[in-house]
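Participant: Here is what each chain is made of, one letter per residue.
There are 2 protein chains.
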Amino acid sequence: MLAFSNPGPLFTDLYELTMAQAYFDNRMFDTAAFSLFIRDYPKNRSYFVAAGLEEALKHLEDYTFSHDELDYLKSIGLFTKYFLSYLKKFRFTGTVRAMPEGSIFFANEPVLEVSAPLIEAQILETFLINTIGMPTLIATKAARCIHATQGRPVIDFAARRTQGHDAAIKVARSAYIAGFTATSNVLAGKLYGIPVSGTMAHSYVTSFASETEAFAAYAKTYPDKAIFLIDTYDTLDGARHAAKVALEMKKQGHQLIGVRLDSGDMVVLSRQVRKILDDAGLPEVKIFASSGFDEYQIAGLIQQGAMIDAFGVGTRMGVSADAPYLDIVYKMVHFKGKDIRKLSPGKVNLPGEKQVFRKTDENSRFLGDIIGLKNEAFPDRMVALLKTVMENGRITEPSPSLDQIRNAFARSFLCLDDTYKSLDGAREYPVDVSEKLMEIPDNIKIG
Amino acid sequence: MLAFSNPGPLFTDLYELTMAQAYFDNRMFDTAAFSLFIRDYPKNRSYFVAAGLEEALKHLEDYTFSHDELDYLKSIGLFTKYFLSYLKKFRFTGTVRAMPEGSIFFANEPVLEVSAPLIEAQILETFLINTIGMPTLIATKAARCIHATQGRPVIDFAARRTQGHDAAIKVARSAYIAGFTATSNVLAGKLYGIPVSGTMAHSYVTSFASETEAFAAYAKTYPDKAIFLIDTYDTLDGARHAAKVALEMKKQGHQLIGVRLDSGDMVVLSRQVRKILDDAGLPEVKIFASSGFDEYQIAGLIQQGAMIDAFGVGTRMGVSADAPYLDIVYKMVHFKGKDIRKLSPGKVNLPGEKQVFRKTDENSRFLGDIIGLKNEAFPDRMVALLKTVMENGRITEPSPSLDQIRNAFARSFLCLDDTYKSLDGAREYPVDVSEKLMEIPDNIKIG
Chain C
75 MLAFSNPGPL
85 FTDLYELTMA
95 QAYFDNRMFD
105 TAAFSLFIRD
115 YPKNRSYFVA
125 AGLEEALKHL
135 EDYTFSHDEL
145 DYLKSIGLFT
155 KYFLSYLKKF
165 RFTGTVRAMP
175 EGSIFFANEP
185 VLEVSAPLIE
195 AQILETFLIN
205 TIGMPTLIAT
215 KAARCIHATQ
225 GRPVIDFAAR
235 RTQGHDAAIK
245 VARSAYIAGF
255 TATSNVLAGK
265 LYGIPVSGTM
275 AHSYVTSFAS
285 ETEAFAAYAK
295 TYPDKAIFLI
305 DTYDTLDGAR
315 HAAKVALEMK
325 KQGHQLIGVR
335 LDSGDMVVLS
345 RQVRKILDDA
355 GLPEVKIFAS
365 SGFDEYQIAG
375 LIQQGAMIDA
385 FGVGTRMGVS
395 ADAPYLDIVY
405 KMVHFKGKDI
415 RKLSPGKVNL
425 PGEKQVFRKT
435 DENSRFLGDI
445 IGLKNEAFPD
455 RMVALLKTVM
465 ENGRITEPSP
475 SLDQIRNAFA
485 RSFLCLDDTY
495 KSLDGAREYP
505 VDVSEKLMEI
515 PDNIKIG
Chain U
75 MLAFSNPGPL
85 FTDLYELTMA
95 QAYFDNRMFD
105 TAAFSLFIRD
115 YPKNRSYFVA
125 AGLEEALKHL
135 EDYTFSHDEL
145 DYLKSIGLFT
155 KYFLSYLKKF
165 RFTGTVRAMP
175 EGSIFFANEP
185 VLEVSAPLIE
195 AQILETFLIN
205 TIGMPTLIAT
215 KAARCIHATQ
225 GRPVIDFAAR
235 RTQGHDAAIK
245 VARSAYIAGF
255 TATSNVLAGK
265 LYGIPVSGTM
275 AHSYVTSFAS
285 ETEAFAAYAK
295 TYPDKAIFLI
305 DTYDTLDGAR
315 HAAKVALEMK
325 KQGHQLIGVR
335 LDSGDMVVLS
345 RQVRKILDDA
355 GLPEVKIFAS
365 SGFDEYQIAG
375 LIQQGAMIDA
385 FGVGTRMGVS
395 ADAPYLDIVY
405 KMVHFKGKDI
415 RKLSPGKVNL
425 PGEKQVFRKT
435 DENSRFLGDI
445 IGLKNEAFPD
455 RMVALLKTVM
465 ENGRITEPSP
475 SLDQIRNAFA
485 RSFLCLDDTY
495 KSLDGAREYP
505 VDVSEKLMEI
515 PDNIKIG
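Residue numbers (the working numbering), protein chains in the order written: chain C, 75 to 521; chain U, 75 to 521.
Just chain C, with the same shape it has in the complex:
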């Protein structure tokens, strides 16, 4: 499996190609612009964290139809030989403007815009929505977890219950961008250089004649890197067994890193386990906890005084369980020199190619955004968020490293006032639409 495994151009909804055939038949090769944006906040959300751009651009540079793919398209009987010849030579030649990965953005703000000949711009719809949308969904959820942990380390444990294999590596990457410390997912570690971390499973403990024996065997193999899972039978007994083995390790010049709780009342248990460890003279042994956590539970545990030093967060982050999809869309905003909008109930969108301007104070703190037209001039102290990342179908500059993206997000997150980060998403960040954009007339075409 590659870092960014290319699904190829057939990863698309059929209608992108049937529309393209109709455009082709009608010689519609004029330039169109499309805008990728999220129409509304899912439950409890009040910001988004952009992710997925590096992968999207890599595949765009290589968006070509193989013989095999063309043969399949031929076999379904919907495409003319002229159009199939066109696809054979197809490559993306357009311009892409986008917010860098790790950017914080808001509802209705374009996170990416494409300008290209109509067919080229149209057929990317399914691919771009998926490739940017899903990592953005997860980076956003992960950022909420980071906010909830108040500086405690968090590790991605989601691999097993993500929605598929590439979801798992995308989750690890998105969570790392948002500030997770490490991942349990070895493949993500290899592909992206994310630190990997792991302890033991219940099955490990049950495969030994006793819990103490299981811990001692693990300590022998990993004398300086061991974290014992202590809830297989009884958590407090588990803590005592762990302490016993930890003291033996100490005698031999080693140190138990921590114990892991994975079930039960985490507030009560973490305090009792802390006491057992402290009483045994092991204040340095940390308490890790995992157990179907999400940002809500983490915030609750910390508030109730749980003595947990680090969290493992899996399933609920990995599928963004409380909001498992985004209302992310890719809409035509400009074609043949005209700005375009559609008017379907509940689905009106802003016309025209755009730019997002962010007002900041002298400390770079975000004061509010304005969605304006692409070429609008705005006063100083406003940052234009969409950058040109692809021209003539080629990436204009190398992607930042994953750590650069992660650091950029961390800096931005500090610049977003904490009141906008509350887990109920109650306070909405101010996003205005520029006067120039408001003035665009409705090009309503009926008849």
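Hints are computed from structural coordinates only; laboratory data are not their basis.
Be careful, since some hints might not be right.
For chains that are exact copies, the list does not tell them apart, and a pair is met inside one copy or across any two.
Said to hold, decoys possible - When the alpha-carbon atoms are kept at most 30 angstroms apart in a straight line, the in silico DSSO-like pairs for lysine-lysine are as follows:
id : residue 1 : residue 2
1  : K299      : K448
2  : K162      : K410
3  : K148      : K324
4  : K294      : K163
5  : K294      : K410
6  : K162      : K299
7  : K117      : K495
8  : K325      : K294
9  : K294      : K162
10 : K299      : K318
11 : K155      : K299
12 : K155      : K294
13 : K299      : K148
14 : K324      : K155
15 : K461      : K495
16 : K325      : K148
17 : K360      : K294
18 : K412      : K318
19 : K318      : K410
20 : K162      : K132
21 : K294      : K148
22 : K510      : K412
23 : K410      : K349
24 : K148      : K360
25 : K299      : K163
26 : K162      : K117
27 : K325      : K155
Dock chain U against chain C, hints included.
Facilitator: Same frame as chain C, but now just chain U:
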């Protein structure tokens, strides 16, 4: 992209490998058995539809570590050269028993069991949970949609908002198993032979000078395969424009397949559109509808008298939005000749290698299941659901075709009484545990 793109053995949680290192150091090569099952029903669920087995078995046959993968494992400094040599020669040599894809099963019933030397069985945990769990999650959600549509065709529109690229093709495959008619996902069409289907997007309509022109152009390209999207500006006007073009098509000996509604009040609009089409002498033109549907909305629309002939179902099915993960686990149940259980609060599991027996009546209708021991003998009229699908690490017989799986599910679904299919999951199907299984003593090991 391949039909079943192999993520390789590094798609695993790190702890599977660190545990394996500890097992290796302690020469623990005895045979272990693990059971894959779902601990509890998610909200509103009352049955599950098994999927993902064909992919799991294919990768298991090829579960080997490449040089590249071993180099990475070496680089993280957690594994001895002896263990890395062991991994270099690793292949899975065990036995797998599983329910065929398309099987209907219930909470706590093993859908798959592995018996193999401890390390081999352990390190599959993450991989098997993900590879079986996610397709099962989606097939289950899709089956609920099929039940809700009461025989109307349903098309998978989920590709763009699934959680990643391979999620998209797994969703298409799982939905097809559950009875979906077609998919919009061209790649899934190519890889699995699923019929593909698609219409047009709003951007298609807005790229023409008028809606009528957009429809006419499409009809020219697809005179016998067109479905017009009619809600870009105003649905009723759209219906009138569609009717006008459809009458032109008729004059030339062609036929409009249908119109698609994608927003607004579907009950009211579908009836009004039906009337416009009927009044125009176009009773044969079908009404398709899509708009963030799931089983609940479909059931509601039908109940309220919406005149919809076929549904496009996307996002909410594709991420199983109301229940986006399963509590699916892989637990050691037998090791070194002893049956095993763990006792963590809320996580007690049934020990021993198992079989699931299903009582049926003379019409094959399901009467109830018994979870028993693998070799228990049960009277006639009971079907044993777990079959041996892999021995000595080799697949024992070719996988059924996707259509065979789909047909098998359709037959089974008829045998499950409708009272167990209600969308609120209120009626629980009877699953008992055999006396022999209940009699297994707790091998509780503390100390």
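Participant: Which of the listed hints are broken here?
Facilitator: 1, 23, 26
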